[in-house]
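Chains X, U, H, F, A and P supply the protein sequences, listed in that same order. Each step along the first sequence adds one to the number in my numbering, with nothing skipped, and position 200 is 200. Each step along the second sequence adds one to the number in my numbering, with nothing skipped, and position 46 is 46. Each step along the third sequence adds one to the number in my numbering, with nothing skipped, and position 150 is 150. Each step along the fourth sequence adds one to the number in my numbering, with nothing skipped, and position 144 is 144. Each step along the fifth sequence adds one to the number in my numbering, with nothing skipped, and position 6 is 6. Each step along the sixth sequence adds one to the number in my numbering, with nothing skipped, and position 37 is 37.
Be aware that one or more of the hints could be misleading.
Copies of one chain are not kept apart here, so a pair can be met inside one copy or by any two copies together.
Each computed DSS-like pair below joins lysine-lysine, with the alpha-carbon atoms no more than 25 angstroms apart [to be verified]:
1. K71 x K101
2. K158 x K2
3. K107 x K63
4. K63 x K175
5. K158 x K327
6. K71 x K17
7. K123 x K63
8. K123 x K262
9. K17 x K101
10. K2 x K327
11. K170 x K58
12. K71 x K2
Please keep in mind that the hints were generated in silico from the structure rather than gathered at the bench.
There are 6 protein chains.
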Amino acid sequence: MKKVITFGEIMLRLSPKGYLKLMQADNFDVSYAGAEANVSVSLANFGLDTAFVTKLPKNDVTKVCLATLRKYGVDVDKIVYGGDRIGVYYLERGASQRPSKVIYDRKYSSVSMSSREDYDWDKIFEDAQWFHFTGITAALSDNMPEILEDACRAAKAKGITISCDLNYRKNLWSKEKAREVMSHLVQYVDVLIGNEEDAADSLGMYPADSDVIAGKLNHEGYASLARQISEKFGVKHVAFTLRTSYSASDNGWAGILYTGGKSYISKNYNIHLVDRVGGGDSFGAGLIYALIQQMEPQDVIEFAVAASCLKQTIEYDFNLSTVDDVKRLMSGDGSGRVQR
Amino acid sequence: MKKVITFGEIMLRLSPKGYLKLMQADNFDVSYAGAEANVSVSLANFGLDTAFVTKLPKNDVTKVCLATLRKYGVDVDKIVYGGDRIGVYYLERGASQRPSKVIYDRKYSSVSMSSREDYDWDKIFEDAQWFHFTGITAALSDNMPEILEDACRAAKAKGITISCDLNYRKNLWSKEKAREVMSHLVQYVDVLIGNEEDAADSLGMYPADSDVIAGKLNHEGYASLARQISEKFGVKHVAFTLRTSYSASDNGWAGILYTGGKSYISKNYNIHLVDRVGGGDSFGAGLIYALIQQMEPQDVIEFAVAASCLKQTIEYDFNLSTVDDVKRLMSGDGSGRVQR
Amino acid sequence: MKKVITFGEIMLRLSPKGYLKLMQADNFDVSYAGAEANVSVSLANFGLDTAFVTKLPKNDVTKVCLATLRKYGVDVDKIVYGGDRIGVYYLERGASQRPSKVIYDRKYSSVSMSSREDYDWDKIFEDAQWFHFTGITAALSDNMPEILEDACRAAKAKGITISCDLNYRKNLWSKEKAREVMSHLVQYVDVLIGNEEDAADSLGMYPADSDVIAGKLNHEGYASLARQISEKFGVKHVAFTLRTSYSASDNGWAGILYTGGKSYISKNYNIHLVDRVGGGDSFGAGLIYALIQQMEPQDVIEFAVAASCLKQTIEYDFNLSTVDDVKRLMSGDGSGRVQR
Amino acid sequence: MKKVITFGEIMLRLSPKGYLKLMQADNFDVSYAGAEANVSVSLANFGLDTAFVTKLPKNDVTKVCLATLRKYGVDVDKIVYGGDRIGVYYLERGASQRPSKVIYDRKYSSVSMSSREDYDWDKIFEDAQWFHFTGITAALSDNMPEILEDACRAAKAKGITISCDLNYRKNLWSKEKAREVMSHLVQYVDVLIGNEEDAADSLGMYPADSDVIAGKLNHEGYASLARQISEKFGVKHVAFTLRTSYSASDNGWAGILYTGGKSYISKNYNIHLVDRVGGGDSFGAGLIYALIQQMEPQDVIEFAVAASCLKQTIEYDFNLSTVDDVKRLMSGDGSGRVQR
Amino acid sequence: MKKVITFGEIMLRLSPKGYLKLMQADNFDVSYAGAEANVSVSLANFGLDTAFVTKLPKNDVTKVCLATLRKYGVDVDKIVYGGDRIGVYYLERGASQRPSKVIYDRKYSSVSMSSREDYDWDKIFEDAQWFHFTGITAALSDNMPEILEDACRAAKAKGITISCDLNYRKNLWSKEKAREVMSHLVQYVDVLIGNEEDAADSLGMYPADSDVIAGKLNHEGYASLARQISEKFGVKHVAFTLRTSYSASDNGWAGILYTGGKSYISKNYNIHLVDRVGGGDSFGAGLIYALIQQMEPQDVIEFAVAASCLKQTIEYDFNLSTVDDVKRLMSGDGSGRVQR
Amino acid sequence: MKKVITFGEIMLRLSPKGYLKLMQADNFDVSYAGAEANVSVSLANFGLDTAFVTKLPKNDVTKVCLATLRKYGVDVDKIVYGGDRIGVYYLERGASQRPSKVIYDRKYSSVSMSSREDYDWDKIFEDAQWFHFTGITAALSDNMPEILEDACRAAKAKGITISCDLNYRKNLWSKEKAREVMSHLVQYVDVLIGNEEDAADSLGMYPADSDVIAGKLNHEGYASLARQISEKFGVKHVAFTLRTSYSASDNGWAGILYTGGKSYISKNYNIHLVDRVGGGDSFGAGLIYALIQQMEPQDVIEFAVAASCLKQTIEYDFNLSTVDDVKRLMSGDGSGRVQR
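Just chain X, with the same shape it has in the complex (with noise of 0.2 angstroms):
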């Protein structure tokens, strides 16, 4: 089975238990996230080979991400070793009225510091058949669109097909230079992905009547702005996530996606909320998945909002759901009962 291959940036995180805040913990959780090894878990999980490709430090720290990833069965052997430090992020976990906050310590990480001579992408894409990156890698600093178009040219000469999440991060970079950045390595793109405010951020484009603080979603709008997108870019597969935000513990969970010139809306899930930091990576993940196996569109976009939604009701970025579970509830049973 060919590969799929995603490059971007593994951070430590660390997080007070339960609803603590930082304030009040002497004790973190330490998991190990970031928006594309968050995919390669979840690919993994689901059965497919999948490798992981990243810089980091030659310490012990390192070593633990590594059998962290060993752990889950994400592929290691194409990381590079260099530079200075693994980024970390604190996460305060809120509910209800309480938002959530994450505090970003990824400055001078080796990934972010590194430089297009660090990667060999004809070997790294030897056994490929997907790339993914997100819009965070592409922030990271100023020479990573170089690096990411590097990675992009050679997936395109080996027929790869490319995945890219706009992922719009606001203390990375501005929108402008997203919109520069992002509008550029879009043209690379066959499957784009993205939240309700990522087309905005990162490529200027809007869809019309949606109040994200508000909670209201227009599904009629991102059908729309789909449209748009795939048709200037080119881009084939195009699917958003849609989030209503009722509150920090509460929200609801759907997505769209826009193929072969028609929309395809997936039911809505309510979700009462575990952990919903990597909802987005586990519905790129889904979505991927769901294309390799070239199963229905509307099967497609129903088995990346399934996979999402439940990696929403467990701990930590990684979807740990393997396929049955996720066809389980496709399939309509969300009901919980215990299985034993």
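We have chain X; now place chains U, H, F, A and P onto it with these hints.
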């Protein structure tokens, strides 16, 4: 006060903290649980004298198990010793659309491999007023039906009331086997308890028009089913729990009692679940207590449902609610205001 | 900046993790809490200078208590020392239909056994702008009313604003005693705070047509009650919290302020509770802050309610929200979207 | 089998995990402990019937306390109820040169404020063979000496053996008061127990040439002291623990028994301490057990010392060792090889 | 690099935190362990390719087990599936004079009930250089000796080196049975490993003048014993661990290797134990690594002893030390100075 | 009371519980630490006024850091804000022959990237009596030596005493660089502190005949070295800690002070280590306190050594001992007897 005797298996329950999946946990919360032991613990909390009968191996884990039962006020003096092991079950708690999962490792347990000679029912019942067992115990091994029939005959001979919770477990036996065994044993039973599906699975008798997965329950159908069971097997009281599984986090919960030719339906509780495992057992305990107290039929079912509603807001399988706690909820105070 | 002085008792709060009952816990989370100390901590988080006054024994537990207050920015230099003990309270957290339970072990605490000679109010108030106390403190012992009257007189003499939260506790005194004492003390008060039941319990004055247990609140009734209190006792601002207890997991939360002859009702929040203890205290702190900032009346009540809504999403008694956190919620963003 | 009755106070013990200081802990391990309760638990583990007598308030903390005693096999049916509180003690565990610290909050406990009318000694002793108390109980309040004298007289009248552990606590009473009270009570005592300093503190009688702080113990001096006590008060058996405190982590541990006109010194154990609190109580329990079993004098002291050596390798105050465990160590196997 | 294949059982290890007894714990640390799996993990940490062979049931606990092995770099692709259960063992950690206790619940495990048909040794060994098993595996069931003989024959046919750790377990079989089976299997073995008692228990051959319980070891006796074994069974390398059990907290640790007609004794380490379980397995892994690296005989035994010394300072059964860690200790740096 | 000002870096310390390796932990204990911050916390515990100066980024992690310092009584008002990050260090605790490991992730921290303009030393020192820094701070970046020289000049101009702990860190700079910088800065220093190796590493000056790895220390050599340093650089007091590293669990600990032309050697403590990190810093704090108190030279070194002995029995980097605690140990009571 004469004792309520329960007979069955008690296991170690090993569960990751909070909503962690087994894969994420390097630490399990340990508790002790089993359908009939759960009933005994609940009855002890209600102030009744109760003894739990089982067979356990002679080792230090058994010592902890005995101490735990003693802690909660259950008489352990009738337990017999021998065999190889105490069963274990792993519980991964679900949330929202993600179901809880139970992995049983109960095969070859001392009680499941015990034989008729292990139990001296005349002695066991010498100070008893009530005998309770469940379909799980009947399913543990091929000689369990015989052992249970011994027990039922001895109980009958002493005029002891017999209650049985059908509790069908598909991983322990087939429906065919269950129906054969349970149809026979039910003939000894005065009080029959089940959930929405048990009558179908264990007796091959169905309510009309209910779809458990879709969360639709038909109270009329259950009333009629209870009447049929009562009439067919000569059971005096038939009671069902009626669970509406909205999700792994939120459930509706009610019950129905058929007795004296009439049906009594309880109020329905919408429960934000802490731990639903043991819910059915606490219903059985509530029913037994209310019947022993000779409450009015409507109060019997309200007490049983309120008790088991409270159980599902308590961690682990044991219902630690007192009679006062249950009566407060029965009387309408489910507001959860702080008691100071 | 002149200080807000609060006076009362601070206790150790011992609570089992999560939703465990006391019976199930071999480990308690430790925090420090008390109605007035909670107000001081919240005010310090809002950036005000504040000192907490109490009497504590000289021992290592007191040292931890002082360090904790210092950590959260509260001035502890006005505390006096002596007596035998620091009070303790045990909190068993409820869920859904199961109420939380508080077991107090606060009798004989140093502050409850303190006398008028222990406090030099002129010195305590020398850099103060505001004095806050609650009905709990008044109830601690027979000489507390006198001590509080000393404090109120000294405050009045210095032109210091006085606020009082009625906070009736039935296990500390009878309604008769409370009404006698509080009716007297309220004459010194500029800002009176209470929950739905406090006016009835502490002052013998009732809103029309509310049934707290049944979750029905009558805003008109409370507006009229506030006006009556204001007029009867000459209190400038009267504010009530209005809690709708759907269950131990979900509450509605709003407030009403009567000032300048008019009533102002806040928006209502449906809170998925993390920890409701300290909710009323954080309302008081929000009110004090908003009044000191001379906000408009509607903003005053909105700020107080939003602040105390956030508190109930935070573990333990202290409200660790900042002014920015509160204003974001006031401005309508209760969506709980992740802040990165 | 006739019961061993112990009478005294049981408290909550709150201790930070591991070697954390109180100041560093936001979480306390909870256990239950008290000099006489510790003796009862150890005796129950040795297979004796034993009941603990005390007075406790009616609340949920008491329920946990009772359940804990029941778990460890102690009869709680003779406990009386009333009063305000159950005492608490905070334990900060030391290490190496840093001593452990105990902060008591036991004043005003139900038992310390109990009166002679609370206890019906004839009833309490109706199925008893032995009565045990300590100097701590005598020190709890001014009416405790009378209560204890009531108990001793009732015991004597029934021919029950009486043991007393001197257990001087300087924060409960002065040496003068202790000597007055204990010299009187010791006249009823058959078996007197103490540590190196207790005879001096409680009876004003000194061994020659020992310097406890410097870790020097003079076995001859203790033999002579025991003989003097035996002769002066007519005590049949006098036993001392002999601790050499090298540090908070490592102690020497031995004992001496004077009986029948002769002294018996045990072997010495060098213990790498897990938890030394309760060491003396477990020595008392070992002594009582060995005397009831009518072991030879040398075996009596060896059993008591080995038992209490094992206790100090076990967390919390209770000695959970069995007779087999103790005998294995007595027989010379202190190698700590894994038992499989 | 050719693989080291190990074959045996892997179990869940459940252990209370710190020094708690089973009776005191409501929470178990979970790890995975087994004599041969421990060897594989240690070898993977030394950088060798290694695969662990066993039979496991198809369930979610097995998934965690596989993920754990993968995390530590062990190839799990040769594992076969089926049967009912994965074994469990409970470990209560001792301290000082209190021994650690192991309670096994491994009966009926999938591997112990496996048959010759389950394993295709030619396939398993196709990329192998070494095969390792222990006497524990031989003792698991009556058909294990045959299975192991199949494996040994297949290994011999491929010129694969065979090592065996005698590892006698008295609760699995009698000495008579062990001697019969092991004497036969040892004929295939190139490298034989044991502790001080194994040769006596498993082969009926004794060193002169050692008394393990009393902590006296006779190096000469072991040298002579190793020579006899080597000569009798034609084993090329015979190695013993020499443990001096001062207590459950402190042990002496050394080893002896007989090879090429000469004995080599290692330096002795006095270990302040963190976790001694798995010490012998890590010695075996060290020996295998050093022999594969073709170290000099003295270095072989020094490496094995230093490796297993480090293991006993690490929690759980796996030795996570690297070759660098071991060589640093071999070179004399056991000072424990902080590595920054 | 005039303040002791310390200047340097404070980091998050992340450490697995107990003796777990990083690879085994999914949870880190969080504390805050840094050579100079550790000194300030210890001095605050001794009752001195002290302020810690550093540069920190503006974020929620910094808020926790400030709250922690405030909790322990350190003035944080002189801290400046800006830059990107707060450093992190990972600590894996060793035991016995296994060394502790520190992995630093401190590069690019706000303080290390700060510049001369960030600090207004005249303002910082306006109420100061003492200035303390370490060689670690000097090594943080290329402009740190200049910043420190600014500070030293400003301090000298105000007649403030200056102390410096050489604290060589090989991963921060080379010995050559360290010697160049430190030889220059030491000219401003009144009190010079170091461990056995610092003088060699930082100043290129060696004691005769010591072998630190082998645990051999030559007191004469250190006395002579201290004299040479004092004479060469005009330092008034020179003090060394003398650690004998028996293992990661047990260390010898002593100190030597050269002042007024004479050497004073302290008593030696054999410490069973709880946490040796921060030992040197607590020695520095003890020395500063004793010198400020104008103790006799022998008392100065005894106080510093006893203080730092106690630190090593306390978790985390901060010495939480009081002056009473230290004096008790100085006076000879290291018996670790329980303080009640």
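Verification of the supplied hints:
For the identical chains of this complex, K71 and K101 are inter-copy neighbours only, at 21 angstroms across copies versus 28 angstroms inside a copy, given an alpha-carbon limit of 25 angstroms. In this assembly of identical chains, K158 and K2 lie within 25 angstroms of each other by CA distance solely inside one copy; the values are 12 angstroms within and 33 angstroms between copies. Taking CA atoms no more than 25 angstroms apart as the test, K107 paired with K63 passes in both settings, with 20 angstroms inside one copy and 20 angstroms between copies. Taking CA atoms no more than 25 angstroms apart as the test, K63 paired with K175 passes in neither setting, with 35 angstroms inside one copy and 29 angstroms between copies.
In this homomeric assembly, K158 and K327 never come within 25 angstroms of each other (Cα to Cα): the closest approach is 32 angstroms inside a single copy and 46 angstroms across copies. Proximity of K71 to K17 under the C-alpha cut-off of 25 angstroms is found in both arrangements, the shortest distances being 23 angstroms within a copy and 20 angstroms between copies. Taking the shortest Cα distances, K123 and K63 sit within 25 angstroms of each other inside one copy (23 angstroms), while across copies they are farther apart (32 angstroms). Proximity of K123 to K262 under the C-alpha cut-off of 25 angstroms is found in neither arrangement, the shortest distances being 37 angstroms within a copy and 51 angstroms between copies.
For a Cα distance limit of 25 angstroms, the shortest separation of K17 from K101 qualifies both inside one copy, at 14 angstroms, and across copies, at 23 angstroms. For the homomeric pair K2 and K327, the shortest alpha-carbon distance inside one copy (23 angstroms) is at most 25 angstroms, but the shortest distance between copies (40 angstroms) is not. In the homo-oligomer, the alpha carbons of K170 and K58 lie at most 25 angstroms apart only across protomers (17 angstroms), although the nearest pairing inside one protomer, at 30 angstroms, exceeds that limit. For the identical chains of this complex, K71 and K2 are neighbours both inside a copy (20 angstroms) and across copies (22 angstroms), given an alpha-carbon limit of 25 angstroms.
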